[in-house]
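> Protein sequences, first through last, are from chains W and L.
So the first sequence is numbered by my numbering: it starts at 2 and just counts up by one.
So the second sequence is numbered by my numbering: it starts at 57 and just counts up by one.
Note that these hints are calculated values from the structure, not bench results.
The model shown is predicted, which means the values in this text are computed figures rather than measured ones.
Ideal Cβ positions, reconstructed from N, Cα and C, are used throughout, including at glycine.
Mixed in with the good hints, there may be bad ones.
Far from chain W, some chain L residues (derived; all Cβ distances over 12 Å) [claimed, not checked]:
{"#": "1", "residue": "Asp81"}
{"#": "2", "residue": "Val136"}
{"#": "3", "residue": "Asp146"}
{"#": "4", "residue": "Arg155"}
{"#": "5", "residue": "Leu156"}
{"#": "6", "residue": "Lys174"}
Here are the computed lysine to any residue pairs in the SDA-like style, where the Cα-Cα straight-line distance is at most 25 Å [unchecked claim]:
{"#": "7", "chain 1": "L", "residue 1": "Lys174", "chain 2": "L", "residue 2": "Pro88"}
{"#": "8", "chain 1": "L", "residue 1": "Lys130", "chain 2": "W", "residue 2": "Met156"}
{"#": "9", "chain 1": "L", "residue 1": "Lys174", "chain 2": "W", "residue 2": "Leu102"}
{"#": "10", "chain 1": "L", "residue 1": "Lys130", "chain 2": "W", "residue 2": "Asp51"}
{"#": "11", "chain 1": "W", "residue 1": "Lys97", "chain 2": "W", "residue 2": "Asp145"}
{"#": "12", "chain 1": "L", "residue 1": "Lys130", "chain 2": "W", "residue 2": "Gly70"}
{"#": "13", "chain 1": "L", "residue 1": "Lys174", "chain 2": "L", "residue 2": "Gly188"}
{"#": "14", "chain 1": "L", "residue 1": "Lys174", "chain 2": "L", "residue 2": "Asn162"}
{"#": "15", "chain 1": "L", "residue 1": "Lys174", "chain 2": "W", "residue 2": "Gln99"}
{"#": "16", "chain 1": "L", "residue 1": "Lys130", "chain 2": "L", "residue 2": "Arg155"}
{"#": "17", "chain 1": "L", "residue 1": "Lys174", "chain 2": "W", "residue 2": "Met156"}
{"#": "18", "chain 1": "W", "residue 1": "Lys97", "chain 2": "W", "residue 2": "Tyr45"}
{"#": "19", "chain 1": "W", "residue 1": "Lys97", "chain 2": "L", "residue 2": "Arg140"}
{"#": "20", "chain 1": "W", "residue 1": "Lys97", "chain 2": "W", "residue 2": "Asp51"}
{"#": "21", "chain 1": "L", "residue 1": "Lys130", "chain 2": "W", "residue 2": "Asp68"}
{"#": "22", "chain 1": "W", "residue 1": "Lys97", "chain 2": "W", "residue 2": "Asp61"}
{"#": "23", "chain 1": "L", "residue 1": "Lys130", "chain 2": "W", "residue 2": "Asp61"}
{"#": "24", "chain 1": "L", "residue 1": "Lys130", "chain 2": "W", "residue 2": "Lys97"}
{"#": "25", "chain 1": "L", "residue 1": "Lys130", "chain 2": "L", "residue 2": "Asp171"}
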Amino acid sequence: MPMSPLSLATMPDAHPPALQGFDPEAAIRLIANVGHNGAIGTHYVTHGDDWAELALDYRDDLIGDADSGVLASGPIIALMDMATSMAVWIKRGSFKPQATLDLRIDYLRAATPGHTVIGRGECYRLTRRIAFVRGYAHDGDPADPIAHVAATFMMTDEA
Amino acid sequence: MSADALTLPPYGDFLGIAVERDETDTLLFRMPFGDRVAGRPGFLHGGAIAGLLEIAAVGTLRDALAEEPGASVKPINVTVDFMRGGRVRDTFAAARITRLGARIANVEAFAWQEDRDKLIASARMNLMVRRGG
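Just chain W, with the same shape it has in the complex (with noise of 0.2 Å):
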């Protein structure tokens, strides 16, 4: 194993350079530009020690609700399992693979069409195998969020 990350989640005296293996710019780079996340056009915003911002700009074919114009609740759970993964990612310090094992939203009022949203993670609790997160998305007032998230993720590099 080259590194523990055990250590990170029992030695908090010994509080990692959370930075020191994973630079969340570049990797949001290498990941945001393909596939699925591509596709809806996520992209990197800030970060701290255990958290992640990423946008998600507005597009029509994002669209949920044909009638008003608010976009699908699909795309915002993209942009959270996202920001809730890069959070995760800093905290470890370390870019391991990890599977969502479940992710539960609240779609606390539709996000204002036009506007671009806001997804930040959060990784509260991180075990050998575990990570906790917690995130919310917003529209352009952090106080006046969209939609709340609480999600786990399961280390798949671990026995």
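Keeping the supplied structure of chain W fixed, place chain L upon it in accordance with the hints.
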């Protein structure tokens, strides 16, 4: 038969989803594999799977409400469980309405690939129902 439920929103078209009715009159949603729904190499993206499950849940509910003019639905929340990685092939989804109340509907949706008994993901949704416009 509802034309409404079979008409997908732009996001459904974006994912390439097609709808048909199976022999038991259940709506079957099919999402072909392509770069737009790809995640890490060799796998589907979890977000695309969640999108398919939501489209199946909402479409099935709208279909059930097709006889009621002016009825509309709005998602409150969704919980998705990912059981298996989706591979590079077509993905199917269908939904079941657990309860359709006066104001709230509870809907479950299931996604699979080659074997309907081997789910790759499932979802539970709560939706708000507005009746009679």
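> Evaluate the condition: distance from the CB of Arg155 of chain L to the nearest CB of chain W exceeds 12 Å.
holds, 19 Å
> Would you mind confirming whether the straight-line C-alpha gap from Lys174 of chain L to Asn162 of chain L stays at or under 25 Å?
Distance of about 23 Å is within 25 Å: holds.
> With the threshold set at 25 Å, check whether the alpha-carbon distance from Lys97 of chain W to Asp61 of chain W stays at or below it.
violated, 34 Å
> Keeping to a limit of 25 Å between CA atoms, is the pair of Lys130 of chain L and Asp171 of chain L held or broken?
Distance ~31 Å between Lys130 of chain L and Asp171 of chain L Cα, so the pair is violated.
> When you check the alpha-carbon spacing of Lys130 of chain L and Asp51 of chain W, does it fall within 25 Å?
Violated, at roughly 33 Å.
> Verify the proposed pairing of Lys174 of chain L with Leu102 of chain W, using a straight-line Cα cut of 25 Å.
holds, 16 Å
> Would the non-interface assignment of Asp81 of chain L survive a Cβ cutoff of 12 Å against chain W?
Holds: least Cβ distance 25 Å, greater than 12 Å.
> Given the hint that Lys174 of chain L pairs with Pro88 of chain L, does the C-alpha gap stay at or below 25 Å?
Roughly 18 Å separates the two Cα atoms, so the pair holds.
> Lys130 of chain L and Asp68 of chain W were given as a pair; does the straight-line alpha-carbon distance stay at or below 25 Å?
OK: Lys130 of chain L and Asp68 of chain W at ~13 Å, within 25 Å.
> Verify that the Cβ of Leu156 of chain L lies farther than 12 Å from every Cβ atom of chain W, and report whether the claim holds or is violated.
holds, 19 Å
> Would you mind confirming whether the straight-line C-alpha gap from Lys130 of chain L to Met156 of chain W stays at or under 25 Å?
With a Cα-Cα distance of about 34 Å, the restraint between Lys130 of chain L and Met156 of chain W is violated, given a limit of 25 Å.
> Measure nothing beyond the straight line between the CA atoms of Lys174 of chain L and Met156 of chain W; if it is 25 Å or shorter, mark the hint as holding.
holds, 22 Å
Hint compliance for this structure: hints 2, 8, 10, 11, 13, 22, 24 and 25 are broken, all remaining hints hold.
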